[in-house]
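Under our numbering, the first residue of the sequence shown carries the number 188, and numbering increases by one thereafter.
It is worth saying that the hints were derived from the structure and are not from the lab.
All values reported here derive from a predicted model rather than from experimental measurement.
There is no bait here: all hints are sound.
Each computed SDA-like pair below joins lysine to any residue, with the alpha-carbon atoms no more than 20 Å apart:
no., residue 1, residue 2
1, 433, 496
2, 433, 490
3, 433, 481
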Amino acid sequence: MRSVPPRAWGYVACVVVGAASCLWGLPSVRTPWWAVALLAGLYVGCEQVTRYRPVGRSAAGDLGAFYPVLLAGAFLLAPPAAALVPLPGALLARVEQRPRGLRRIWRAAQLAVAVWAASRTHEALGGRDAIGDSDFPAALGPAGAAVLVFCLVLSVLDGGVRTLAEGLPARAAGRGLFARSLAPVAVHGLAGLMMAVLWRSPYGPVAALLVLFPMGVSWWVFAQYHRERAAHQATIRALVQAVDIKDGYTRGHSERVGQASMLIGRELGMDEGRIEVLRFAGILHDVGKLGVPTRLLRKDGPLTPQERQVIELHPEYGHEITRGISFLGDARSAILHHHERIDGTGYPYGLAGGQIPESARVVAVADAFDAMTSNRSYSRARPVEAALAELRRCAGAHFDPRMVTALTRVVERDGWHPVVTAEEARPSAVPTPAQAPDDDRSEVRR
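Whole structure, please, built from the sequences with the hints as guidance.
Dropping the structure here:
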(Lines of atoms letter the chains of each structure in order from A and count residues from 1; the text may use other names and numbers.)
(Lines give C-alpha, C1' and ligand atoms only; values in the text may rest on other atoms or scores of the structure.)
Protein backbone atom coordinates (compact mmCIF):
# COMPACT_ATOMS: atom_id res chain seq x y z
CA MET A 1 0.00 0.00 0.00
CA ARG A 2 2.92 2.38 -0.54
CA SER A 3 1.06 3.79 -3.52
CA VAL A 4 -2.60 3.36 -2.69
CA PRO A 5 -4.90 3.19 -5.75
CA PRO A 6 -7.83 5.64 -5.75
CA ARG A 7 -10.30 2.74 -5.61
CA ALA A 8 -8.71 1.58 -2.33
CA TRP A 9 -9.01 5.10 -0.89
CA GLY A 10 -12.66 5.06 -1.88
CA TYR A 11 -13.17 1.67 -0.24
CA VAL A 12 -11.58 2.86 3.01
CA ALA A 13 -13.75 5.99 2.91
CA CYS A 14 -16.87 3.83 2.55
CA VAL A 15 -15.86 1.70 5.55
CA VAL A 16 -15.19 4.87 7.58
CA VAL A 17 -18.68 6.11 6.69
CA GLY A 18 -20.03 2.72 7.74
CA ALA A 19 -18.19 2.98 11.06
CA ALA A 20 -19.61 6.47 11.62
CA SER A 21 -23.11 5.17 10.94
CA CYS A 22 -22.56 2.52 13.61
CA LEU A 23 -22.26 5.36 16.14
CA TRP A 24 -25.37 7.09 14.86
CA GLY A 25 -27.70 5.77 17.57
CA LEU A 26 -25.35 6.60 20.45
CA PRO A 27 -27.40 9.53 21.86
CA SER A 28 -30.52 7.37 22.09
CA VAL A 29 -29.03 4.54 24.19
CA ARG A 30 -28.15 4.50 27.86
CA THR A 31 -24.40 4.38 27.86
CA PRO A 32 -22.26 3.64 30.94
CA TRP A 33 -19.47 5.96 29.88
CA TRP A 34 -17.19 4.82 32.67
CA ALA A 35 -17.34 1.25 31.27
CA VAL A 36 -16.68 2.49 27.73
CA ALA A 37 -13.73 4.55 28.96
CA LEU A 38 -12.33 1.67 31.02
CA LEU A 39 -12.54 -0.85 28.17
CA ALA A 40 -11.19 1.64 25.63
CA GLY A 41 -8.32 2.57 27.94
CA LEU A 42 -7.58 -1.08 28.56
CA TYR A 43 -7.47 -1.74 24.82
CA VAL A 44 -5.15 1.26 24.32
CA GLY A 45 -2.82 -0.15 26.95
CA CYS A 46 -2.88 -3.60 25.37
CA GLU A 47 -2.09 -2.14 21.96
CA GLN A 48 0.79 -0.10 23.37
CA VAL A 49 2.30 -3.20 25.00
CA THR A 50 2.89 -4.61 21.53
CA ARG A 51 5.43 -1.85 20.90
CA TYR A 52 7.89 -3.70 23.09
CA ARG A 53 7.25 -7.23 21.87
CA PRO A 54 8.78 -9.04 18.90
CA VAL A 55 5.56 -9.53 17.00
CA GLY A 56 4.50 -8.36 13.56
CA ARG A 57 1.20 -7.02 12.40
CA SER A 58 -0.29 -10.48 11.97
CA ALA A 59 0.45 -11.37 15.56
CA ALA A 60 -0.60 -8.17 17.22
CA GLY A 61 -3.23 -7.05 14.78
CA ASP A 62 -4.80 -9.50 12.37
CA LEU A 63 -5.20 -12.33 14.86
CA GLY A 64 -6.06 -9.91 17.65
CA ALA A 65 -4.15 -10.93 20.78
CA PHE A 66 -6.36 -8.52 22.76
CA TYR A 67 -9.68 -9.12 21.06
CA PRO A 68 -11.11 -10.32 24.43
CA VAL A 69 -11.38 -6.65 25.46
CA LEU A 70 -13.26 -5.74 22.28
CA LEU A 71 -15.54 -8.77 22.47
CA ALA A 72 -16.24 -8.15 26.15
CA GLY A 73 -17.37 -4.69 25.09
CA ALA A 74 -19.60 -6.25 22.43
CA PHE A 75 -21.17 -8.52 25.07
CA LEU A 76 -21.63 -5.81 27.71
CA LEU A 77 -22.53 -2.65 25.81
CA ALA A 78 -25.12 -1.50 23.32
CA PRO A 79 -23.83 -1.71 19.72
CA PRO A 80 -23.09 2.02 19.24
CA ALA A 81 -21.19 2.17 22.55
CA ALA A 82 -19.32 -1.06 21.82
CA ALA A 83 -18.17 0.40 18.48
CA LEU A 84 -16.40 3.20 20.39
CA VAL A 85 -14.14 0.83 22.35
CA PRO A 86 -11.57 0.01 19.62
CA LEU A 87 -11.22 3.53 18.23
CA PRO A 88 -8.57 5.08 20.55
CA GLY A 89 -6.41 1.94 20.57
CA ALA A 90 -6.51 1.53 16.80
CA LEU A 91 -5.81 5.22 16.12
CA LEU A 92 -2.85 5.28 18.53
CA ALA A 93 -1.45 1.86 17.59
CA ARG A 94 2.01 1.43 16.21
CA VAL A 95 2.08 1.11 12.40
CA GLU A 96 5.21 -0.05 10.61
CA GLN A 97 4.26 0.55 6.98
CA ARG A 98 3.21 3.66 5.14
CA PRO A 99 0.82 5.37 4.71
CA ARG A 100 0.54 5.18 8.50
CA GLY A 101 -2.40 7.55 8.86
CA LEU A 102 -4.51 5.68 6.35
CA ARG A 103 -3.67 2.34 7.96
CA ARG A 104 -4.67 3.59 11.42
CA ILE A 105 -7.95 5.01 10.12
CA TRP A 106 -8.64 1.79 8.23
CA ARG A 107 -7.98 -0.37 11.27
CA ALA A 108 -10.14 1.80 13.52
CA ALA A 109 -13.07 1.78 11.08
CA GLN A 110 -12.76 -1.95 10.40
CA LEU A 111 -12.76 -2.85 14.09
CA ALA A 112 -15.63 -0.45 14.86
CA VAL A 113 -17.82 -2.07 12.20
CA ALA A 114 -16.87 -5.60 13.32
CA VAL A 115 -17.52 -4.90 17.02
CA TRP A 116 -20.82 -3.18 16.20
CA ALA A 117 -21.96 -6.17 14.12
CA ALA A 118 -20.93 -8.61 16.86
CA SER A 119 -22.74 -6.59 19.54
CA ARG A 120 -25.85 -6.30 17.37
CA THR A 121 -25.90 -10.06 16.82
CA HIS A 122 -25.33 -10.77 20.51
CA GLU A 123 -28.11 -8.38 21.54
CA ALA A 124 -30.58 -9.77 18.99
CA LEU A 125 -30.07 -13.31 20.31
CA GLY A 126 -30.64 -12.31 23.94
CA GLY A 127 -27.04 -12.61 24.97
CA ARG A 128 -26.98 -9.56 27.24
CA ASP A 129 -29.92 -10.86 29.26
CA ALA A 130 -28.17 -14.21 29.69
CA ILE A 131 -25.00 -12.48 30.89
CA GLY A 132 -26.99 -10.25 33.24
CA ASP A 133 -28.59 -13.35 34.78
CA SER A 134 -25.18 -15.11 34.93
CA ASP A 135 -26.72 -17.93 32.90
CA PHE A 136 -23.41 -19.12 31.49
CA PRO A 137 -24.58 -22.07 29.38
CA ALA A 138 -27.34 -19.99 27.81
CA ALA A 139 -24.84 -17.22 27.09
CA LEU A 140 -22.64 -19.46 24.94
CA GLY A 141 -24.90 -19.53 21.88
CA PRO A 142 -25.29 -15.75 21.40
CA ALA A 143 -21.61 -15.23 22.18
CA GLY A 144 -20.57 -17.88 19.63
CA ALA A 145 -22.76 -16.28 16.96
CA ALA A 146 -21.29 -12.85 17.75
CA VAL A 147 -17.74 -14.20 17.44
CA LEU A 148 -18.58 -15.72 14.05
CA VAL A 149 -20.01 -12.42 12.82
CA PHE A 150 -17.00 -10.49 14.19
CA CYS A 151 -14.57 -12.81 12.41
CA LEU A 152 -16.59 -12.80 9.19
CA VAL A 153 -16.79 -9.01 9.03
CA LEU A 154 -13.05 -8.64 9.57
CA SER A 155 -12.32 -11.25 6.89
CA VAL A 156 -14.67 -9.70 4.32
CA LEU A 157 -13.33 -6.20 4.90
CA ASP A 158 -9.71 -7.40 4.77
CA GLY A 159 -10.38 -9.32 1.56
CA GLY A 160 -11.96 -6.25 0.00
CA VAL A 161 -9.08 -3.91 0.77
CA ARG A 162 -6.52 -6.46 -0.44
CA THR A 163 -8.43 -6.86 -3.69
CA LEU A 164 -8.49 -3.12 -4.36
CA ALA A 165 -5.10 -2.12 -2.94
CA GLU A 166 -3.02 -5.03 -4.28
CA GLY A 167 -4.96 -5.83 -7.46
CA LEU A 168 -5.66 -9.42 -6.40
CA PRO A 169 -8.80 -11.24 -7.56
CA ALA A 170 -11.49 -11.23 -4.85
CA ARG A 171 -11.46 -15.00 -4.49
CA ALA A 172 -7.70 -15.15 -4.07
CA ALA A 173 -7.54 -12.13 -1.75
CA GLY A 174 -10.10 -13.50 0.69
CA ARG A 175 -9.17 -17.16 0.51
CA GLY A 176 -8.34 -18.61 3.91
CA LEU A 177 -8.75 -15.36 5.90
CA PHE A 178 -11.85 -16.53 7.76
CA ALA A 179 -10.63 -20.08 8.34
CA ARG A 180 -7.21 -18.97 9.64
CA SER A 181 -8.59 -16.39 12.05
CA LEU A 182 -11.63 -18.28 13.37
CA ALA A 183 -9.83 -20.54 15.87
CA PRO A 184 -7.81 -17.81 17.66
CA VAL A 185 -10.73 -15.38 17.62
CA ALA A 186 -12.99 -18.10 19.08
CA VAL A 187 -10.57 -18.54 21.98
CA HIS A 188 -10.51 -14.78 22.51
CA GLY A 189 -14.29 -14.74 22.31
CA LEU A 190 -14.50 -17.25 25.16
CA ALA A 191 -12.15 -15.07 27.23
CA GLY A 192 -14.27 -12.03 26.38
CA LEU A 193 -17.39 -13.88 27.51
CA MET A 194 -15.71 -14.80 30.79
CA MET A 195 -14.78 -11.12 31.25
CA ALA A 196 -18.37 -10.05 30.60
CA VAL A 197 -19.86 -12.61 33.04
CA LEU A 198 -17.41 -11.66 35.80
CA TRP A 199 -18.00 -7.97 35.06
CA ARG A 200 -21.71 -8.42 35.80
CA SER A 201 -21.01 -10.61 38.85
CA PRO A 202 -20.90 -9.27 42.43
CA TYR A 203 -17.11 -9.07 42.11
CA GLY A 204 -17.35 -6.45 39.38
CA PRO A 205 -14.84 -5.22 36.74
CA VAL A 206 -11.78 -5.96 38.89
CA ALA A 207 -12.49 -9.68 38.71
CA ALA A 208 -13.11 -9.37 34.98
CA LEU A 209 -9.66 -7.91 34.47
CA LEU A 210 -8.09 -11.05 35.94
CA VAL A 211 -9.09 -12.89 32.76
CA LEU A 212 -6.46 -10.88 30.91
CA PHE A 213 -3.61 -12.54 32.81
CA PRO A 214 -3.92 -15.98 31.14
CA MET A 215 -4.60 -14.19 27.86
CA GLY A 216 -1.37 -12.26 28.36
CA VAL A 217 0.49 -15.52 28.84
CA SER A 218 -1.04 -16.99 25.67
CA TRP A 219 -0.16 -13.80 23.79
CA TRP A 220 3.45 -14.09 24.97
CA VAL A 221 3.61 -17.68 23.68
CA PHE A 222 2.07 -16.53 20.43
CA ALA A 223 4.67 -13.76 20.22
CA GLN A 224 7.51 -16.25 20.59
CA TYR A 225 6.03 -18.34 17.79
CA HIS A 226 5.92 -15.31 15.51
CA ARG A 227 9.43 -14.27 16.46
CA GLU A 228 10.61 -17.72 15.41
CA ARG A 229 8.68 -17.43 12.15
CA ALA A 230 10.23 -14.01 11.56
CA ALA A 231 13.68 -15.54 12.02
CA HIS A 232 12.77 -18.25 9.49
CA GLN A 233 11.61 -15.63 7.01
CA ALA A 234 14.81 -13.63 7.50
CA THR A 235 16.90 -16.75 6.81
CA ILE A 236 14.99 -17.50 3.62
CA ARG A 237 15.07 -13.87 2.51
CA ALA A 238 18.84 -13.70 2.93
CA LEU A 239 19.37 -16.85 0.86
CA VAL A 240 17.02 -15.68 -1.89
CA GLN A 241 18.65 -12.26 -2.07
CA ALA A 242 22.05 -13.91 -2.40
CA VAL A 243 20.78 -15.97 -5.36
CA ASP A 244 19.14 -12.90 -6.95
CA ILE A 245 22.38 -10.93 -6.70
CA LYS A 246 24.34 -13.77 -8.26
CA ASP A 247 21.84 -14.50 -11.04
CA GLY A 248 20.24 -11.14 -11.75
CA TYR A 249 18.26 -12.37 -14.75
CA THR A 250 16.07 -14.52 -12.49
CA ARG A 251 15.42 -11.83 -9.87
CA GLY A 252 12.00 -12.36 -8.34
CA HIS A 253 11.79 -15.87 -9.81
CA SER A 254 12.06 -17.61 -6.45
CA GLU A 255 9.14 -15.74 -4.89
CA ARG A 256 6.95 -16.40 -7.90
CA VAL A 257 7.74 -20.11 -7.88
CA GLY A 258 6.83 -20.17 -4.20
CA GLN A 259 3.55 -18.43 -5.01
CA ALA A 260 2.70 -20.81 -7.87
CA SER A 261 3.58 -23.81 -5.68
CA MET A 262 1.15 -22.59 -3.03
CA LEU A 263 -1.59 -22.16 -5.64
CA ILE A 264 -1.11 -25.75 -6.77
CA GLY A 265 -1.12 -27.02 -3.19
CA ARG A 266 -4.33 -25.18 -2.34
CA GLU A 267 -6.02 -26.37 -5.53
CA LEU A 268 -5.14 -29.94 -4.55
CA GLY A 269 -6.68 -29.42 -1.11
CA MET A 270 -3.47 -29.73 0.89
CA ASP A 271 -3.47 -28.53 4.49
CA GLU A 272 -1.84 -25.25 5.46
CA GLY A 273 1.22 -26.94 6.94
CA ARG A 274 1.91 -28.73 3.69
CA ILE A 275 1.32 -25.54 1.70
CA GLU A 276 3.88 -23.75 3.88
CA VAL A 277 6.43 -26.47 3.02
CA LEU A 278 5.68 -25.94 -0.68
CA ARG A 279 6.20 -22.20 -0.29
CA PHE A 280 9.60 -22.74 1.33
CA ALA A 281 10.53 -25.27 -1.33
CA GLY A 282 9.49 -23.00 -4.19
CA ILE A 283 11.32 -20.00 -2.79
CA LEU A 284 14.55 -21.92 -2.13
CA HIS A 285 14.54 -24.35 -5.06
CA ASP A 286 17.42 -22.54 -6.78
CA VAL A 287 19.52 -21.76 -3.69
CA GLY A 288 22.10 -24.26 -4.97
CA LYS A 289 23.04 -21.74 -7.67
CA LEU A 290 25.18 -20.13 -5.00
CA GLY A 291 27.63 -22.97 -5.69
CA VAL A 292 27.60 -22.48 -9.48
CA PRO A 293 30.12 -20.09 -11.11
CA THR A 294 28.49 -16.75 -11.89
CA ARG A 295 29.86 -16.70 -15.44
CA LEU A 296 27.79 -19.81 -16.26
CA LEU A 297 24.60 -18.38 -14.80
CA ARG A 298 24.97 -15.19 -16.83
CA LYS A 299 26.28 -16.72 -20.05
CA ASP A 300 24.27 -15.54 -23.07
CA GLY A 301 25.37 -18.23 -25.54
CA PRO A 302 24.76 -21.99 -25.57
CA LEU A 303 26.18 -24.06 -22.73
CA THR A 304 28.78 -26.72 -23.44
CA PRO A 305 28.13 -30.26 -22.11
CA GLN A 306 30.70 -29.66 -19.38
CA GLU A 307 29.07 -26.37 -18.36
CA ARG A 308 25.68 -28.02 -18.28
CA GLN A 309 27.01 -30.73 -15.97
CA VAL A 310 28.25 -28.06 -13.59
CA ILE A 311 24.88 -26.27 -13.53
CA GLU A 312 23.04 -29.56 -13.05
CA LEU A 313 24.78 -29.87 -9.71
CA HIS A 314 22.75 -27.00 -8.26
CA PRO A 315 19.96 -29.18 -6.77
CA GLU A 316 22.57 -31.12 -4.78
CA TYR A 317 24.31 -27.92 -3.74
CA GLY A 318 20.95 -26.57 -2.57
CA HIS A 319 20.27 -29.72 -0.60
CA GLU A 320 23.61 -29.36 1.17
CA ILE A 321 23.22 -25.61 1.80
CA THR A 322 19.88 -26.17 3.54
CA ARG A 323 20.96 -29.28 5.44
CA GLY A 324 21.29 -27.44 8.76
CA ILE A 325 18.01 -25.50 8.49
CA SER A 326 15.71 -27.73 10.52
CA PHE A 327 12.42 -25.89 9.92
CA LEU A 328 12.52 -26.61 6.17
CA GLY A 329 11.62 -30.27 6.68
CA ASP A 330 10.32 -31.87 3.46
CA ALA A 331 11.18 -28.74 1.48
CA ARG A 332 14.75 -30.03 1.18
CA SER A 333 13.62 -33.05 -0.84
CA ALA A 334 11.86 -30.72 -3.28
CA ILE A 335 15.03 -28.65 -3.60
CA LEU A 336 16.99 -31.80 -4.41
CA HIS A 337 14.52 -33.36 -6.87
CA HIS A 338 12.75 -30.47 -8.62
CA HIS A 339 14.56 -31.28 -11.91
CA GLU A 340 13.56 -34.94 -11.97
CA ARG A 341 11.19 -35.95 -14.77
CA ILE A 342 8.22 -38.30 -14.65
CA ASP A 343 9.77 -40.44 -17.40
CA GLY A 344 12.99 -40.86 -15.39
CA THR A 345 15.27 -38.80 -17.64
CA GLY A 346 15.75 -35.91 -15.24
CA TYR A 347 18.51 -35.16 -12.74
CA PRO A 348 20.25 -35.54 -10.34
CA TYR A 349 19.18 -39.18 -9.74
CA GLY A 350 16.89 -40.05 -12.65
CA LEU A 351 13.87 -40.80 -10.43
CA ALA A 352 10.61 -41.61 -12.21
CA GLY A 353 6.89 -41.31 -11.46
CA GLY A 354 5.96 -41.83 -7.83
CA GLN A 355 9.62 -42.09 -6.82
CA ILE A 356 9.79 -38.32 -7.12
CA PRO A 357 8.57 -36.62 -3.90
CA GLU A 358 5.20 -34.93 -4.30
CA SER A 359 6.59 -31.55 -3.27
CA ALA A 360 9.27 -31.80 -5.98
CA ARG A 361 6.62 -32.56 -8.61
CA VAL A 362 4.70 -29.44 -7.54
CA VAL A 363 7.78 -27.20 -7.62
CA ALA A 364 8.85 -28.60 -11.02
CA VAL A 365 5.59 -27.42 -12.60
CA ALA A 366 5.68 -24.05 -10.81
CA ASP A 367 9.33 -23.54 -11.80
CA ALA A 368 8.73 -24.33 -15.48
CA PHE A 369 5.63 -22.12 -15.58
CA ASP A 370 7.46 -19.08 -14.22
CA ALA A 371 10.50 -19.74 -16.41
CA MET A 372 8.24 -19.64 -19.44
CA THR A 373 6.32 -16.56 -18.29
CA SER A 374 9.44 -14.49 -17.52
CA ASN A 375 12.02 -12.70 -19.64
CA ARG A 376 15.50 -14.24 -19.47
CA SER A 377 18.84 -13.41 -21.03
CA TYR A 378 18.39 -16.27 -23.49
CA SER A 379 14.62 -16.09 -24.16
CA ARG A 380 11.62 -13.81 -24.13
CA ALA A 381 8.46 -14.44 -22.17
CA ARG A 382 5.49 -16.30 -23.63
CA PRO A 383 1.80 -15.67 -22.95
CA VAL A 384 0.35 -17.48 -19.96
CA GLU A 385 -1.97 -19.48 -22.21
CA ALA A 386 0.99 -20.68 -24.29
CA ALA A 387 2.88 -21.70 -21.14
CA LEU A 388 -0.08 -23.71 -19.86
CA ALA A 389 -0.44 -25.39 -23.24
CA GLU A 390 3.25 -26.34 -23.17
CA LEU A 391 2.90 -27.77 -19.67
CA ARG A 392 -0.05 -29.87 -20.81
CA ARG A 393 1.95 -31.09 -23.81
CA CYS A 394 4.76 -32.23 -21.52
CA ALA A 395 2.49 -33.73 -18.85
CA GLY A 396 3.08 -37.43 -18.34
CA ALA A 397 6.62 -37.31 -19.69
CA HIS A 398 8.24 -34.35 -18.00
CA PHE A 399 5.63 -33.22 -15.47
CA ASP A 400 3.07 -34.84 -13.19
CA PRO A 401 -0.30 -34.43 -14.99
CA ARG A 402 -2.07 -33.91 -11.66
CA MET A 403 0.06 -30.88 -10.82
CA VAL A 404 -0.30 -29.47 -14.34
CA THR A 405 -4.08 -29.83 -14.16
CA ALA A 406 -4.20 -28.11 -10.77
CA LEU A 407 -2.13 -25.13 -11.94
CA THR A 408 -4.13 -24.86 -15.16
CA ARG A 409 -7.41 -24.84 -13.24
CA VAL A 410 -6.40 -22.18 -10.75
CA VAL A 411 -4.76 -19.89 -13.35
CA GLU A 412 -7.67 -20.15 -15.78
CA ARG A 413 -10.12 -19.46 -12.96
CA ASP A 414 -8.30 -16.71 -11.00
CA GLY A 415 -5.59 -15.56 -13.41
CA TRP A 416 -1.85 -15.33 -12.76
CA HIS A 417 -0.92 -12.37 -10.57
CA PRO A 418 2.74 -12.83 -9.67
CA VAL A 419 4.21 -11.07 -6.69
CA VAL A 420 6.83 -8.50 -7.72
CA THR A 421 9.18 -7.76 -4.82
CA ALA A 422 10.57 -4.35 -3.99
CA GLU A 423 14.07 -5.61 -4.76
CA GLU A 424 13.29 -6.26 -8.41
CA ALA A 425 14.94 -3.81 -10.74
CA ARG A 426 12.40 -4.35 -13.50
CA PRO A 427 9.19 -6.28 -14.13
CA SER A 428 10.10 -9.88 -14.82
CA ALA A 429 6.70 -11.54 -14.91
CA VAL A 430 4.24 -10.32 -17.49
CA PRO A 431 1.31 -12.02 -19.17
CA THR A 432 3.71 -13.48 -21.76
CA PRO A 433 6.35 -16.79 -21.12
CA ALA A 434 9.94 -18.13 -22.44
CA GLN A 435 11.62 -21.23 -23.65
CA ALA A 436 9.69 -24.49 -23.69
CA PRO A 437 10.39 -26.64 -20.63
CA ASP A 438 12.06 -29.29 -22.78
CA ASP A 439 14.45 -26.71 -24.27
CA ASP A 440 18.05 -27.27 -23.18
CA ARG A 441 18.59 -23.76 -21.93
CA SER A 442 15.34 -23.30 -20.01
CA GLU A 443 15.76 -26.72 -18.42
CA VAL A 444 19.11 -25.86 -16.89
CA ARG A 445 18.55 -22.16 -16.26
CA ARG A 446 15.24 -22.28 -14.35
